[in-house]
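Undergrad: Next come the chains, spelled out residue by residue.
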Amino acid sequence: MVRPRTISDEALLDSALLIVRESGPDSLSFGTLAARVGLAGSTLVQRFGSKANLLRAALLLAWDRLDADTARALERAGDGGAGAIEMLVMLSGQYRPDTFADQLLILREDLRDPVLRARGQAWLAVLSDAIEQRLSGDARGGGAGLGDLIVTQWQGTLTMWGFRRRGAIKTEVRRSLTDLLDRLGITRD
Amino acid sequence: MTERAGSQGRRSVEDARATRSRLLELAGDLFAERGYLQTSIRDLATHAGVTSGAIYGHFRNKAELLAEAINTRTAALLEADTIGLPRNSDYIETLTRQAARVAKRRRLRALIVQGASAAQTDLETRTRLREEQRAHIDEWVAGFERDRERLGIDSTMDVEAAVLYVWAAELGLGVLESVGIQPRTIRSWADIQNRFARSWQLPPDRKRPTPRRS
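In order, the protein sequence lines correspond to chains A and B.
To convert, note that position 14 of the first sequence is 14 in this note's numbering; the numbers rise steadily by one, no gaps.
Just add 1000 to wherever you are in the second sequence, counting from 1, and you've got this note's numbering.
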């Protein structure tokens, strides 16, 4: 008879992500995860096979959650430039000082894993298209190319905030993107 | 000291400088291409053909190597084009040209993204990089402030905010590139930077430059 799992895969992957967040992906091993969740290392090997599979599964879970957050933000954000900013501000909610590293760590892993890299590309393309859609009615030259620019500016603002950790991240993102759209002459209505 | 001893001393200082510079160059390339965490001091020593001990003779640790590599390349690739503008230069042209040369700074951006990732879990890296970034930004802001009138930058313009924008655009591009996304065209990227740079000359209620169609 198969014994019921006392800890779900998702809970284990959550703990794995926590290790990655705290100490970087290279710190994740069956040993460190076993110590954190109180299971035997051999049990974890049975479930995930290899350290690479474990890391990939954890990062895919992170991507699934990010995609779900993104879909929600797209649904809730209004039209126009203001909607575009709101969408990115909502997605910046995950960048709390203790969890800021998530996306950067995920993106860094993508350099080595084509599956995760494709997730990153798809995610950024969805954001860029959603922004361009919101700006396409702007007669001053919104639309084409601006989606990438605004996503770039957003990611850059987050990265700089990661270095500086000054003020609230959402306030910083809103200020930075609002100023950019104003200066580029893109209406925010 | 004899003349010969003096000459040998000078040569050994020069040799040490050259080795340090070569190590920085190599470390920058390896960190950017293979990843900061994935590159050990031993890997670097193997590539450089020196011992790990020799590397520690030049740098306290890997974090210092990373910070110095970013610092050197930022000065050479980003600031050389923008700080201390010649009297007859136009900063709009300069920033637009710099945007058009975006491809040549790809490795620098990859290096900074590696640094940003490492900084999340390593306090020393974060502190070092924050200080380096602050110094570069301050120098850049001071350069624009000094020439504000000559460059025609509006008196109400927050130069620091503008510099932070340019810096953020560079870092953000590095993040996108890390998953293989490039600006759709270099020309449109430069065009948008040009629109932004021109807005610096307008007061807040008129900061809406007409898009340049080309």
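Please keep in mind that the hints were generated in silico from the structure rather than gathered at the bench.
Beta carbons: idealized from backbone N, C-alpha and C, even for Gly.
Any given hint could be a false lead.
Label pairs and their calculated CB-CB ranges [to be verified]: (1) B:D1154 - A:V37: 56 to 64 Å; (2) A:R166 - B:A1076: 36 to 44 Å; (3) A:A35 - B:E1033: 32 to 40 Å; (4) B:E1064 - A:D129: 23 to 31 Å; (5) B:T1051 - A:T171: 19 to 27 Å; (6) A:D182 - B:E1033: 32 to 40 Å; (7) B:E1025 - A:D67: 35 to 43 Å; (8) A:R166 - B:D1154: 22 to 30 Å.
Undergrad: Now look at each hint and say whether the structure bears it out.
TA: A quick look at each hint next to the structure:
1. Taking 56 to 64 Å as the suggested C-beta distance range, the pair B:D1154 and A:V37 conforms, at roughly 58 Å.
2. The hinted window of 36 to 44 Å between A:R166 and B:A1076 is violated, with their beta carbons roughly 28 Å apart.
3. Range check, A:A35 to B:E1033: Cβ separation about 33 Å, and the 32 to 40 Å hint holds.
4. In this structure the hint that B:E1064 and A:D129 lie 23 to 31 Å apart at CB is violated, the actual value being about 42 Å.
5. Take B:T1051 and A:T171: their Cβ atoms lie about 49 Å apart, and the range 19 to 27 Å is violated.
6. Taken as a hint, the range 32 to 40 Å holds for the pair A:D182 and B:E1033, whose Cβ atoms sit roughly 38 Å apart.
7. Our hint of 35 to 43 Å for B:E1025 and A:D67 holds, since their Cβ atoms are close to 39 Å apart.
8. One distance hint, 22 to 30 Å for the beta-carbon pair A:R166 and B:D1154, holds here, with the actual separation near 25 Å.
The structure fails to meet hints 2, 4, 5 from the earlier list, while all remaining hints are met.
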